[in-house]
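**Student:** Protein chains in written order, with this note's numbering: chain Z, 2 to 183; chain W, 77 to 525.
For the record, the hints were derived by calculation from the structure and aren't laboratory data. Errors might be hidden in some of the hints.
Partial list, derived from the structure: chain Z residues whose beta carbon lies under 8 Å from chain W [as the list claims (entries may be wrong)]:
#1 5
#2 54
#3 58
#4 59
#5 93
#6 97
#7 111
#8 112
#9 147
#10 170
Note that beta-carbon positions come from the ideal geometry of N, C-alpha and C, so glycine has one too.
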Amino acid sequence: MIALPKPLQELFQPPPTPGVLGVFAFLDATLEAIKKLRAAGHADFTVYSPIPRHEIEAALGQAVSPVRAFTLIGGIAGCAIGAWLTLWMSYDWPIVVGGKPVGSIPPYVIIMFEMTILFGALSTILGILLNALFAARRVGTIQYDARFSNDRFGIFVPAGSDTAAKIESLLRESGAEEVRRG
Amino acid sequence: MAEHSPPSRVTYDYVTRTIARTLGAPSRGYFLLLGAAVALLAIGIVTLLYLLRYGLGLAGYSHPVYWAVFITCFVFWVGIAHSGTLISAILFLFRSGWRTAVYRTAEAMTVFAVMTAGLFPLIHIGRQWYFYWLIPYPNERGLWPNFKSPLIWDEFAIGTYFTVSTVFLIMGLIPDIAAVRDLATGWRKKLYAITSLGWTGANEQWRHYTRGYLYLAALATPLVLSVHSVVSWDFAMAIVPGWHATLFAPYFVAGAIYSGVAMVITLLVPIRKLFQLEEIITLHHFENLAKLCLLTGSIVSFSYMTENFVAWFSGNSAERAAFWYRAFGPYWWAGWTMNICNGLLPWLLWSKKVRTNVTALFVISIFVNIGMWFERYVIIVVSLAGEPYATWANAVYNPTWADWGIMAGSFGWFFMWFLLFVKNFPAVSISEVKEVLVPPRRKASKAHV
Numbered sequence: 002m003i004a005l006p007k008p009l010q011e012l013f014q015p016p017p018t019p020g021v022l023g024v025f026a027f028l029d030a031t032l033e034a035i036k037k038l039r040a041a042g043h044a045d046f047t048v049y050s051p052i053p054r055h056e057i058e059a060a061l062g063q064a065v066s067p068v069r070a071f072t073l074i075g076g077i078a079g080c081a082i083g084a085w086l087t088l089w090m091s092y093d094w095p096i097v098v099g100g101k102p103v104g105s106i107p108p109y110v111i112i113m114f115e116m117t118i119l120f121g122a123l124s125t126i127l128g129i130l131l132n133a134l135f136a137a138r139r140v141g142t143i144q145y146d147a148r149f150s151n152d153r154f155g156i157f158v159p160a161g162s163d164t165a166a167k168i169e170s171l172l173r174e175s176g177a178e179e180v181r182r183g
Numbered sequence: 077m078a079e080h081s082p083p084s085r086v087t088y089d090y091v092t093r094t095i096a097r098t099l100g101a102p103s104r105g106y107f108l109l110l111g112a113a114v115a116l117l118a119i120g121i122v123t124l125l126y127l128l129r130y131g132l133g134l135a136g137y138s139h140p141v142y143w144a145v146f147i148t149c150f151v152f153w154v155g156i157a158h159s160g161t162l163i164s165a166i167l168f169l170f171r172s173g174w175r176t177a178v179y180r181t182a183e184a185m186t187v188f189a190v191m192t193a194g195l196f197p198l199i200h201i202g203r204q205w206y207f208y209w210l211i212p213y214p215n216e217r218g219l220w221p222n223f224k225s226p227l228i229w230d231e232f233a234i235g236t237y238f239t240v241s242t243v244f245l246i247m248g249l250i251p252d253i254a255a256v257r258d259l260a261t262g263w264r265k266k267l268y269a270i271t272s273l274g275w276t277g278a279n280e281q282w283r284h285y286t287r288g289y290l291y292l293a294a295l296a297t298p299l300v301l302s303v304h305s306v307v308s309w310d311f312a313m314a315i316v317p318g319w320h321a322t323l324f325a326p327y328f329v330a331g332a333i334y335s336g337v338a339m340v341i342t343l344l345v346p347i348r349k350l351f352q353l354e355e356i357i358t359l360h361h362f363e364n365l366a367k368l369c370l371l372t373g374s375i376v377s378f379s380y381m382t383e384n385f386v387a388w389f390s391g392n393s394a395e396r397a398a399f400w401y402r403a404f405g406p407y408w409w410a411g412w413t414m415n416i417c418n419g420l421l422p423w424l425l426w427s428k429k430v431r432t433n434v435t436a437l438f439v440i441s442i443f444v445n446i447g448m449w450f451e452r453y454v455i456i457v458v459s460l461a462g463e464p465y466a467t468w469a470n471a472v473y474n475p476t477w478a479d480w481g482i483m484a485g486s487f488g489w490f491f492m493w494f495l496l497f498v499k500n501f502p503a504v505s506i507s508e509v510k511e512v513l514v515p516p517r518r519k520a521s522k523a524h525v
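Generate coordinates for the entire structure from the input sequences, incorporating the hints supplied.
**Tutor:** Now the structure itself:
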């Protein structure tokens, strides 16, 4: 772990949340555990996977990411900025060339188009970063295993000492190859 | 996809370890290549210093050819950049599974090619210390901000393309950097810990990431088509015969993707060999790249024919003269190099034997690169030199050592960045290659993804 300055540490590295971590070798075992956890009323657990799998998304019943709103707003803003930039600057320094209007929309559409893409893309990135950051803040510092980026799936369930034993057995029954408390 | 499933020993773990191995200690061959790239770059830098000291007169400019090798190289490198986004964004939207093994290389190539292309307008202006005159906004220094000029469209298009393709590359890299972070030790562990931005593969991360990636691809797709269209308008908006054609935008886009795919093949063949990635980048991938080459190459050949046909059929004497000059004027060799390398050679790719022969593909891809460079040379230099309105001042333009020096430098610059990239970051996507494998299940299932 990298040592961050104090204000950043509070933001990015909150104190660890107690809970149970299950390591799974198989996708279907992971899905089974997700279904059992949801049936038992858990909603705040985290699923790790080396690749995005639509089965996991479906099992979790996640809502569509709000990133799309960022893309849309960024794109519209970019288009508007492109129009404003070209028209304002043209009328700010008006020179008539070839009898054409000072503010000619057709060539400015190209600038508006490029700005739509630029702002749309940058705000998409911003949307991903902010949403992922908020999610991380909500979950806090939780256990992770280096194998999750390679070939293992994982489920972390936040739990106090009273419920931990029950969750441990639930994960084992579903086929976790390793369960640990932290 | 099913019939091309990789062998069962290609598991998630195999993929991670094989690709992470490419980041191991560099071999002598790697250092030789890097040394060659740096030497070429040094030639370019020395040439640039001479140009700065003695002026652009050292290059071969002669009236009326004031757009020459530097602009040719600019268009060449922008063109190279195009297949990266084609493979990473357009094929992503088409759900082509085979792109996963090659797209990272193509995307990195895109970013470095745009970086290379961006140098040329600056070199071409001669007095680099006045480069900010290119940005007279809103109307600084009493300059007129002319948004009706294709050159300013180009600035916006290339600027946007560089930004978007860079963030697209970085986005794709994050889960892979996390994967190598978890295997690395020492200073690399620290580097990857910072650059992976705390990626863990948690469901909340994937949820926003996959959505965002989809939208980025959807934005990059029209962008890639627009960029080379805008580059083509740098020419097509002028009245020079040979430039002033409505065909130019699709013709340039197809040519750009054609040269880009050829460059991807040129880069992948040695990388695959050097890093022993035969199990991951298979003949199936090369064959698909070759098919892309064949498709875009055919569009390019068709455009050549259309151009010549329209020049004849229009009855426009200036247009006819320009195309006659291309084929039989003093630059006949450039015109025929372009026709043979781009128009005829790719016909070999109709044969499956050629498409699945890596050596043959490598050789063809190099000829396509040469042909596409000459295409831009023909369009730019030969059209200007043969301009019928300037017969009183026609001169046969010849590039000088300064032109070649800068061009050599650009290749060095490009390959240097590329080689540094493949040794420090995963040159093949780890997470996306895994996505096309059958996921591990308790009950071995025959169902494919």
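**Student:** Look at each hint and say if it fits the structure.
**Tutor:** Hint by hint, here is what the structure shows:
no. : hint : in the structure
1   : 5    : 11 Å, violated
2   : 54   : 7 Å, holds
3   : 58   : 7 Å, holds
4   : 59   : 11 Å, violated
5   : 93   : 6 Å, holds
6   : 97   : 11 Å, violated
7   : 111  : 5 Å, holds
8   : 112  : 5 Å, holds
9   : 147  : 4 Å, holds
10  : 170  : 19 Å, violated
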